[in-house]
Each structure stands twice: as C-alpha cells, then as structure tokens.
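There are 2 protein chains.
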Amino acid sequence: MTTPGRGLHGHVLDTLGPAITAGEYPPGSVLRTDELAQHFEVSRSVMREAVRVLESMHLVESRRRVGVTVRPKAEWNVYDPQVIRWRLAGADRPHQLRSLTVLRSAVEPVAAGLAAKHATAQQCAELTECALGMVATSRGHRLQEYLVHDVAFHRVVLAASGNEMFARLGDVVAEVLAGRTHHEVMFEDPDPAAVTLHVQVAEAVRAGDATRAEQLTREITVGALQELDILAP
Amino acid sequence: MTTPGRGLHGHVLDTLGPAITAGEYPPGSVLRTDELAQHFEVSRSVMREAVRVLESMHLVESRRRVGVTVRPKAEWNVYDPQVIRWRLAGADRPHQLRSLTVLRSAVEPVAAGLAAKHATAQQCAELTECALGMVATSRGHRLQEYLVHDVAFHRVVLAASGNEMFARLGDVVAEVLAGRTHHEVMFEDPDPAAVTLHVQVAEAVRAGDATRAEQLTREITVGALQELDILAP
DNA sequence: GTGACTTATAAGTCTGACTTTTTGTCTCTG
DNA sequence: CAGAGACAAAAAGTCAGACTTATAAGTCAC
Numbered sequence: 001m002t003t004p005g006r007g008l009h010g011h012v013l014d015t016l017g018p019a020i021t022a023g024e025y026p027p028g029s030v031l032r033t034d035e036l037a038q039h040f041e042v043s044r045s046v047m048r049e050a051v052r053v054l055e056s057m058h059l060v061e062s063r064r065r066v067g068v069t070v071r072p073k074a075e076w077n078v079y080d081p082q083v084i085r086w087r088l089a090g091a092d093r094p095h096q097l098r099s100l101t102v103l104r105s106a107v108e109p110v111a112a113g114l115a116a117k118h119a120t121a122q123q124c125a126e127l128t129e130c131a132l133g134m135v136a137t138s139r140g141h142r143l144q145e146y147l148v149h150d151v152a153f154h155r156v157v158l159a160a161s162g163n164e165m166f167a168r169l170g171d172v173v174a175e176v177l178a179g180r181t182h183h184e185v186m187f188e189d190p191d192p193a194a195v196t197l198h199v200q201v202a203e204a205v206r207a208g209d210a211t212r213a214e215q216l217t218r219e220i221t222v223g224a225l226q227e228l229d230i231l232a233p
Numbered sequence: 001m002t003t004p005g006r007g008l009h010g011h012v013l014d015t016l017g018p019a020i021t022a023g024e025y026p027p028g029s030v031l032r033t034d035e036l037a038q039h040f041e042v043s044r045s046v047m048r049e050a051v052r053v054l055e056s057m058h059l060v061e062s063r064r065r066v067g068v069t070v071r072p073k074a075e076w077n078v079y080d081p082q083v084i085r086w087r088l089a090g091a092d093r094p095h096q097l098r099s100l101t102v103l104r105s106a107v108e109p110v111a112a113g114l115a116a117k118h119a120t121a122q123q124c125a126e127l128t129e130c131a132l133g134m135v136a137t138s139r140g141h142r143l144q145e146y147l148v149h150d151v152a153f154h155r156v157v158l159a160a161s162g163n164e165m166f167a168r169l170g171d172v173v174a175e176v177l178a179g180r181t182h183h184e185v186m187f188e189d190p191d192p193a194a195v196t197l198h199v200q201v202a203e204a205v206r207a208g209d210a211t212r213a214e215q216l217t218r219e220i221t222v223g224a225l226q227e228l229d230i231l232a233p
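Listed in order, the protein sequences are those of chains A and B.
If you read the first sequence in UniProt numbering, its first letter stands for residue 1, the second for the next number, and so on.
If you read the second sequence in UniProt numbering, its first letter stands for residue 1, the second for the next number, and so on.
Derived from the structure by calculation, the hints contain no laboratory data.
Just so you know, these numbers come straight off a predicted model, no measurement behind them.
Each hint can be trusted.
Distance condition first, Cα-Cα at most 30 Å in a straight line; then the derived DSBU-like pairs of lysine-lysine:
#1 B:Lys-117 with A:Lys-73
#2 B:Lys-73 with A:Lys-73
#3 A:Lys-117 with B:Lys-73
Incomplete in silico selection of chain B near chain A, CB under 10 Å:
#4 Gly-7
#5 Met-57
#6 Ser-62
#7 Asp-80
#8 Gln-96
#9 Leu-103
#10 Glu-108
#11 Val-110
#12 Met-165
#13 Ala-167
#14 Leu-169
No residue lacks a Cβ here, since even glycine has one placed at the ideal position from N, Cα and C.
When you get a sec, could you build the whole thing from the sequences and use the hints?
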C-alpha cells in the first residue's frame, strides 16, 4: 500500500485515523491540538499537519476557539483510499466490505462493457493471461496465488474501460478481494463457475462483445454479493 | 460548497490545487516548499500544511532532498470532492463531465433498485415531492428552479439506497447536473420524456418495484449519456 | 568502471512568541 | 427580567529562526 508513516505526521495519522474512523471519538467530539501534540509527543507543527490531512478527508473540522471537532460519518470522504483502508482495518470491516461489494456490482459490469469497446490489444492479452493464471491456480489450495491473478484481472478490466473514475477503483477492488480471501468466506478453492466466468469475460472483451462482457461480469458480481448474503432471496 | 479559503493554507490551495489539476505543472515537475512559500507570501508552516493536503490527495509527493514532485494524473484521488471541483473549474471540464456521467450511468440505476427496497416512507414522500417540483418547473424557461428539484431528486435516491458509498455520490451528481444546466447543453426546457421518467421512478420506488425503478433510471442515465454524445450509435 | 566516502541540499522538526477569531459571560440599561 | 453591548479568555492560526536528518550527487581512490 502507500508508504506507511513517512514522517512523524504520518505516524500520528496511522493512530488517529483508525481511531476516528472506528468511531472511537463520536461525532461532535472535540479534540485540542495542543493536547494531541502532547499525547503523541510531537510538536504542534507536526500535529497541525496531521489535523490538516484529517480535515481534507472531512473527518474533522477545525474551528477557532472551539477546537478540532469530529464530523458525522455521513460527511466523511469514504472514497479516500486511506479512509477505506482505515475502516477495513477496524471494527466495521464487514459493513465496509458489503458497501464496497455493492459498489463493485454496480460499476464492474459497466466497466467490462466499456472495456470490450476500448481495450487495447495488449490489455486483451493481459486479461487472457490473468484468466489463465486463475485457472492454473484454482485448485490445490493456492488461494494466495489465485488472489494475485484475480486482482490483476479486475484491475485490467477497470483500466481498459477507458474511464478514469472506474480505473481508480482498482485499489478498492483489490482491497475487497484481498479481504475476502484473508478474513471472510473462501476457505476452500474458488468456485469453478466463477473461474470459468472470468475466462469468458476475457474472451468477450477480446471479441469486442460489450453486451456479453457486461452480462458475464454481472454474474461474477452477483456471486460476490451472494457470498456476503446481500442478495434478496 | 465547502467554505472557501478558511485560513491562509486554504487560500494557497485554492490557487495551487486548480493549477496542478489543470496540468499547469506536468507530472514529475518539482516544486520547492520555500519558493512556494515566498511566492504566496506565507510562512513555511502554512505552506507545509498546504503541501500535506495536496499529498493526501495524491496530487504531489514530498521527498527529502528532492522537493515536492507532481504525481501523474493516474494516481490522483479523483473521487475527492475538492479535486473534482478543481477539475470541473479548469480546462478538462468536458472530459471530467463525461467521466462522471458514465459513473452516474453505472451507479444510479443500481442505487434506484436498492432504494425501492430500502426507502423509508419519508424518503418516498420527498421523492414524489421532488418529481412534482420537476414537473411544475419543466416549462417556461425555469431551468434554475428545475435544477434544484432535479438535484434533490437524485440525492434522495442515492441516500435511500442505504449504501453509504452511493449516498456520498450525491455531491458529484449535483455538480454534474449543475454543470450541464449552466455550461453545456440544455438551453431550452428539459426533455418532457425525462421528466416523466423521474415521476415514474418515484412511483416505482414507492411501490417497491426494484426492477422497474432500476430500468427507468437506466433510461434516464442513457439520456444523459446521449446528451454528451457518449453512446455508441 | 566500481565502490566507498564526502558534501550540499531541501525537507523535516522543534520552540516560543505573537495575532486573530470566536464564544461565553458579565454588566448595563430599558 | 430580557436584550444589547462590552469584555475577557481560550484555542487555533501565523510567523521566524535554529537545528536535524535523509539522500542525491559528486569525488576520489583502487
């Protein structure tokens, strides 16, 4: 991930960020810069820089004569990769994982459809390579290697869509997939049907069949939703 | 929007942010904190805080002995509302508007489907109210008033989806709709068909018909794509 | 040319003094 | 007693200067 704690203010953020996103300080809580600086044993300058970053994420608001107040969750910049990471590391990890999976289910099919239209020859090749890698590692408890190919596959699809907003969701998808492998369901080998679907998506994109690529990807994401019991019966 | 220029570092950001996102400093450009501080006539402390914020948006990277280097566009946190606003105010506004509209077309239909399942009675009422407001202002060059209801409508749908990631896209959609009314197409009254679709979506959500709500919203977003000539023939 | 050593550079950090805004309170007045 | 206005305190905001540290780049010996 991003270089952790590069500098003192980074170290402060590594502690304060998770604490705030975990709800340790309820909305409206007031923090004092000086007290925080003392607590973390850093200078006020460093503390102020950390507060500025939290402020830019809309986690807190700094006002004169009152202090640094924690903002309600609804105002946080939940698309900030740093915030996502903090929340995934904390208590509402399951909730966060569900939100992100629903987001995936909306975005990825459309992205796959666009990829079928815009993917370059090299991207098609990469996609096929990833799919083959998934097939090769889909049996024999090689979950770790499988994950690498799975993540790469979805990254390429999002990038090949040609839409920068989709492309930037690559990191998010990576976190979700990694989270699923490491902490949630998926104790055994991946579902063979899912693996097949990935191969077929790669084919559809190569063939330029947008409708088919979209539909197949929708099936993949439906599977992801079902794994988390999100889908209505 | 967010309070502009709250503090000196805010003023610096209001100038530096747009400049960077506009590509005024090509990727790899090196800025020196001291020089910037002199140029903006602020102390180094203030300048450092501004740089920290830009760093948290992944617009720049600060390294010892080298300076503050501008990161390639592909690494920017393009979901940061501040970054979106800066880019919408700059040269690649059209490009940004297209990216965001495609994102809308992926997200909003799914959000509407979820809203049909999760919307509260009050949210249904608000939705109907917005739709009626749109109808009432859809004729007679009352674009400004129409926009207010339109934005409110989409905000409620996204919020009613019950997914926080969707809900936080309310601001983005607001920017896109406002941009469309103010600077792009839409010189005359809105398309009557679109207005009708909004009313029908409100009905579908109230009736709990997820499939219909999703399909109708998809038609709305298809219209938005066509306005920007994005859709393939 | 390769490797170890030195040096210059720009960011990083700390401290202390000072300024500014805001809010809560207190008083004065009707 | 209520409302307006003056006052004081609190906390963030700003600045300047000295010092530390990492590191890119240049230098020298081999």
